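Asks: Whenever a hint applies, use it, and build me the whole structure from the sequences.
Residue-level listing of the chains:
Protein chains: 2
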Amino acid sequence: MIVRDLNKARETDRLVKADGWDSTRLLLAGDNMGFSFHITRIAPGTSHVFHYKHHFESVYCVSGEGNIEDLATGKIHQITPGVIYALDQHDKHRLSATSELVLACSFNPPVTGQEVHREDGSYAPVAELA
Amino acid sequence: MIVRDLNKARETDRLVKADGWDSTRLLLAGDNMGFSFHITRIAPGTSHVFHYKHHFESVYCVSGEGNIEDLATGKIHQITPGVIYALDQHDKHRLSATSELVLACSFNPPVTGQEVHREDGSYAPVAELA
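Just so you know, the protein sequences line up as chains A and B, in that order. Read in order, the letters of the first sequence are residues 1 to 130 in this note's numbering. Read in order, the letters of the second sequence are residues 1 to 130 in this note's numbering.
No wet-lab data here; the hints were simulated from the structure. Accuracy of the hints is not assured; some may be wrong.
If several chains are the same, the list does not tell them apart, and a pair holds so long as it fits within one copy or across any two.
Claimed, not checked - No more than 27 angstroms apart at the CA atoms, straight line, and that leaves these computed lysine-lysine pairs for DSS-like: (1) LYS92 / LYS53; (2) LYS53 / LYS8; (3) LYS8 / LYS92; (4) LYS17 / LYS53; (5) LYS92 / LYS17; (6) LYS75 / LYS8; (7) LYS75 / LYS53; (8) LYS75 / LYS92.
Since the model is a prediction, treat every value here as computed from it, not as a measurement.
Replies: Next comes the structure, spelled out in structure tokens:
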């Protein structure tokens, strides 16, 4: 059994900081769960384009408000606590925070912790990191 | 892209009720994400023995307080908001809520929605449901 605490994990290299967001990787590929699990915070007033070409991601809103735009269709979905979105088509999207968003994110395949966001908004597949 | 809302999902058969807990399956196997994602509520003052012999489960505490006892070792871990536990050894455990626990749960393999909790605290593997 693995037990971890977000507040302690934020003091370690599990916390990844970027411009306008950060993400704490509570479970990674090395934990052998078959998925990874992250708590991500989006700063209020910021927007970000992500495109996980090689991963399926679901995002559950724990707190905060914002919206997600499906960049293939232009459709905008409001995000409030209790809303989940799942990028089952590796959907390219723009995520915007009105107030600070706290999001619980699951990834399949699991993120290894070695990925970097590329200019196209994707994470590289594991094979390209080897 | 799939978008769902917990409050709406609770009015559908995505909500499964049991004695002392309920669980709303926001993502199931049929969503083809490779994991399922549930928001589970444990009633205050209740304890439950679970043993997912055929699934890996991670549980992130969104709100509430309680504890988890590893029934193999007797070790008890406190659960507060921000704590995650991952049953990477299919650990048999007792989950107890002091106040209402709201938990974000990821399962691999994904739950189909057809499982029932068996007397031994497990979910049947998919093969046994066929």
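Asks: How would you label the pair LYS92, LYS53 (within, between, both, or neither) given a Cα cut-off of 27 angstroms?
Replies: within (8 angstroms within a copy, 36 angstroms between copies)
Asks: Treating 27 angstroms as the Cα threshold, decide for LYS75 and LYS92: within, between, both or neither.
Replies: within (12 angstroms within a copy, 44 angstroms between copies)
Asks: My question is about LYS8 and LYS92: at a cut-off of 27 angstroms on alpha-carbon distance, are they close within one copy, between copies, both, or neither?
Replies: Answer is between: at 26 angstroms across copies they meet the 27 angstroms cutoff, but 32 angstroms inside does not.
Asks: With identical chains, the pair LYS53 and LYS8 could be close in the same copy or across copies; at 27 angstroms between alpha carbons, which is it: within, between, both, or neither?
Replies: neither (31 angstroms within a copy, 29 angstroms between copies)
Asks: Checking LYS75 and LYS53: alpha-carbon separation at most 27 angstroms within a copy, between copies, both or neither?
Replies: Answer is within; shortest intra-copy Cα gap is 19 angstroms, inter-copy 41 angstroms.
Asks: Quick one: LYS17 to LYS53, C-alpha cut-off 27 angstroms, is that within a copy, between copies, both, or neither?
Replies: within (21 angstroms within a copy, 36 angstroms between copies)
Asks: Please sort LYS75 with LYS8 into within, between, both or neither, judging by C-alpha distance up to 27 angstroms.
Replies: Result: close only across copies, 20 angstroms inter versus 38 angstroms intra.
Asks: I want to check one pair: LYS92 and LYS17. Are their C-alpha atoms no more than 27 angstroms apart within a copy, between two copies, both, or neither?
Replies: Within one copy only: 21 angstroms inside a chain, 36 angstroms across chains, cut-off 27 angstroms.
Of the numbered hints listed earlier, the single one contradicted by the structure is hint 2.
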